[in-house]
Structure formats: C-alpha cells, structure tokens
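Colleague: Chains as they are written, first to last, in the numbering used here: chain B, 1 to 136; chain A, 137 to 324.
In case anyone wonders, no lab produced these hints; they're calculated from the structure.
This structure is a prediction, so every number in the text was calculated from the model and none was measured.
A few of these clues could be false.
Derived, one-sided and incomplete: chain B residues facing chain A with beta-carbon distance under 10 Å [to be verified]:
hint, residue
1, 9
2, 14
3, 16
4, 23
5, 25
6, 26
7, 33
8, 119
9, 120
10, 121
11, 128
Virtual Cβ for every residue (Gly too), placed ideally from N, Cα, C.
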Amino acid sequence: MKSSEQVERIVGQARLKADQATDTRILRDAGAAFVESAPPARRSRLILWRFIMESKVTRYSAAAVVALAAALVLLSPFGTSRNGSVVLADVADKVNEMGNSVLTGHRTVWCQGQEEPCLKADAAAYVSSEHGYMEE
Amino acid sequence: MWLNVWLPRGSERVVLKDARLVHRLRHGDVDALHQIYHRYKDDLLTVAMAILNDSHGAEDCVHDVFVHFATTPADLRASRNLRGYLIRSVANRAKNQLKRERSQPRQRIDEPDGCSQCDNPVRRLMVTEQSMQVFEALAKLPDEQREVISLHLHGQMRFREIADALDLSINTVQSRYRYGIEKLRALL
Numbered sequence: 001m002k003s004s005e006q007v008e009r010i011v012g013q014a015r016l017k018a019d020q021a022t023d024t025r026i027l028r029d030a031g032a033a034f035v036e037s038a039p040p041a042r043r044s045r046l047i048l049w050r051f052i053m054e055s056k057v058t059r060y061s062a063a064a065v066v067a068l069a070a071a072l073v074l075l076s077p078f079g080t081s082r083n084g085s086v087v088l089a090d091v092a093d094k095v096n097e098m099g100n101s102v103l104t105g106h107r108t109v110w111c112q113g114q115e116e117p118c119l120k121a122d123a124a125a126y127v128s129s130e131h132g133y134m135e136e
Numbered sequence: 137m138w139l140n141v142w143l144p145r146g147s148e149r150v151v152l153k154d155a156r157l158v159h160r161l162r163h164g165d166v167d168a169l170h171q172i173y174h175r176y177k178d179d180l181l182t183v184a185m186a187i188l189n190d191s192h193g194a195e196d197c198v199h200d201v202f203v204h205f206a207t208t209p210a211d212l213r214a215s216r217n218l219r220g221y222l223i224r225s226v227a228n229r230a231k232n233q234l235k236r237e238r239s240q241p242r243q244r245i246d247e248p249d250g251c252s253q254c255d256n257p258v259r260r261l262m263v264t265e266q267s268m269q270v271f272e273a274l275a276k277l278p279d280e281q282r283e284v285i286s287l288h289l290h291g292q293m294r295f296r297e298i299a300d301a302l303d304l305s306i307n308t309v310q311s312r313y314r315y316g317i318e319k320l321r322a323l324l
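Put together the whole structure using the sequences plus the hints.
Modeller: Here it is as structure tokens:
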C-alpha cells in the first residue's frame, strides 16, 4: 500500500488536458458572450455598485451618506437659502417705504468747570424723511 | 490588501498578473480572456473531471463557467483571486451538474473499450492512463471527500480557503481530506 504522500503526489499529477478543438469551442463561445455583454458605461456603473456593496464598510458608508443628504434636504437644519435674496430685497423695500429710522445711544453731558458729568441719559433720535429729526 | 488573502503555490506576481488580466478584460480586451483561459484551463478541467468523472461533462462545465465569466468580468471576486474564483465556480457547477444527473440520469456515450479517453481521435480531451485510474478511484469516494481532495490537490487551494468556500470548519475539511486519502491508498 502506498503512503499518503505518494497518493497525494499521484492524485495531484492526474490531469485532464484540453486540445485545440476544446480550446476553440470554449474561446469562441466565451468571446461571443464577452462581446455581447454589457457596454463599457454600464460596466463601469456595475463596478462601482459592486465595489460599494462588496464590503460592509462601504455599504454602510454609502447608506449613511444617502440618509444624511436626505435629512439635509428634508429638514433644512441650517435654514434655507432658497429665497435669501428675495427676503433681503423685501426688507430693503420696506425700509425704503418706511422712510424713517431710530437711532439709540447713551449720552453723557459735562458742565463746564465740574468734574462729574451733570447728565447721564439714554437718548433716542428719530430720523424721518417726512417728519425730519427729533431726539428725546 | 488582498495579496495575503490566498496565494496558491505562488507569489504576489501571479496574483498581480491575474489582476492585470482582469483589469484588461474589464476594459474590453478579448486577448486577456484568451490568456486567462490558457492559464487555467487544465486546472479547471481537472477539477471538473475529478468531481464528475465524465470528460464531456467536465468540458461542458468549464465551458459554461468560462462563458459566464466572460459576461461578468466586473465581478470583484474575480479580481481579488482569479484562480480561486474560477476553481470554485467550476467546483460548484460540477456539483450542481452531478446532482442534476442523479435526479435525472442520462445515457452516457462511452466507448466499448476500457480506456475510452485514450488515443481516440474523436475525443477532444486528453488524459493519460494513470490519470484515468486516479479519476476512477476518485469517483469511488463520497462527493464531499472527492471535492475537498480535488480542490486541494488540483485546485491548489488551502484548507482554510476550502473551508471558507464550502462554509465548513477547517477541521471538517481536513477530516474529509484525510479520510479520502486513506481510501485512495487502498484504491490506488
């Protein structure tokens, strides 16, 4: 009886070889299938899709990116800039229409010859294109 | 990254060459398909023959696997380990073919003499007398043992690789291999 090593060697050396006719048949059919298979653009999309789906890391990352993008679009947590220029124009129009404004500030009045100010007060000034200037 | 996944009897150079061939294939180079075929055809045929013990079936099996491979070169598994991918594909298809034949037996066309594969110009596959004896002996083993032995000795797959491919524990794979070799010792 042969040893295990001998048997392994004998079995490993057993071969089935293809001749020219087999090669021709297989390569002809495989070549035809290859030519008829997906076009390059579709193939590259397929490669990207397989790359994403192949690994758990890329799969979950892609899912997270899609979920984040959807959340940003739907919830708009940072506000929307969609009508930003329109809103600003509306405000400017209203200010122009109003034609007046209010200025507020703190007033300190020193009387001549005194070290301490004789008046400390909050002041408001109203400026209007219709009514002129008034301070209180 | 994938270089250390599985390197069959070989080096990174083999895997890199395979990766280049797959890359060329993906970009529409038919010559790469021919090179891949000539590189692995005998190993694939031998694995199919060891499982099926039928040269026509083995040829059909490799034919189907290769045609399928030609239509799906984008499969990432192929670029990671081309040889392992093709060997596994052939083994799986051969097993399915075997199951199909057992459920629906078909008439085999065999020559009247004992060495039907030898020296017959009609036959398109070439096999030596000694190889034929080995295939006959392998055919007497249970399917599971035959598959493991063929994947290891003809497909040059490691036990770990076989265990992963068959979804078995490595101990189970090694047991099947050991029992199979023991039976072959008595048969050869």
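Colleague: A separate judgement is required for each hint: does it hold in the structure or not?
Modeller: Structure-based check of all given hints:
Because the beta carbon of residue 9 of chain B sits about 9 Å from the nearest beta carbon in chain A, less than 10 Å, this interface hint is met. Given hint, residue 14 of chain B at the interface with chain A, holds; its Cβ is 4 Å from that chain's nearest Cβ, closer than 10 Å. Because the beta carbon of residue 16 of chain B sits about 4 Å from the nearest beta carbon in chain A, less than 10 Å, this interface hint is met. The restraint placing residue 23 of chain B at the interface with chain A holds, with a minimum CB-CB distance near 7 Å, inside the 10 Å limit.
Contact between residue 25 of chain B and chain A, as hinted, is supported at the beta carbon level, the nearest pair being about 7 Å apart and thus within 10 Å. Residue-level restraint check for residue 26 of chain B holds (minimum Cβ-Cβ distance to chain A is 5 Å; threshold 10 Å). Hint status for residue 33 of chain B relative to chain A: holds, with the closest Cβ pair at about 5 Å, below 10 Å. Interface hint status for residue 119 of chain B: violated, as the beta-carbon distance to the closest one in chain A is roughly 79 Å, over 10 Å.
Violation of the interface hint for residue 120 of chain B is found here, the shortest Cβ-Cβ separation to chain A being roughly 75 Å, above the 10 Å cut-off. The beta carbon of residue 121 of chain B is not positioned within 10 Å of any beta carbon in chain A (closest approach about 76 Å), and the interface hint is therefore violated. Contact between residue 128 of chain B and chain A, as hinted, is not supported at the beta carbon level, the nearest pair being about 74 Å apart and thus beyond 10 Å.
Comparing the model with each earlier hint shows violations of hints 8, 9, 10, 11; every other hint is respected.
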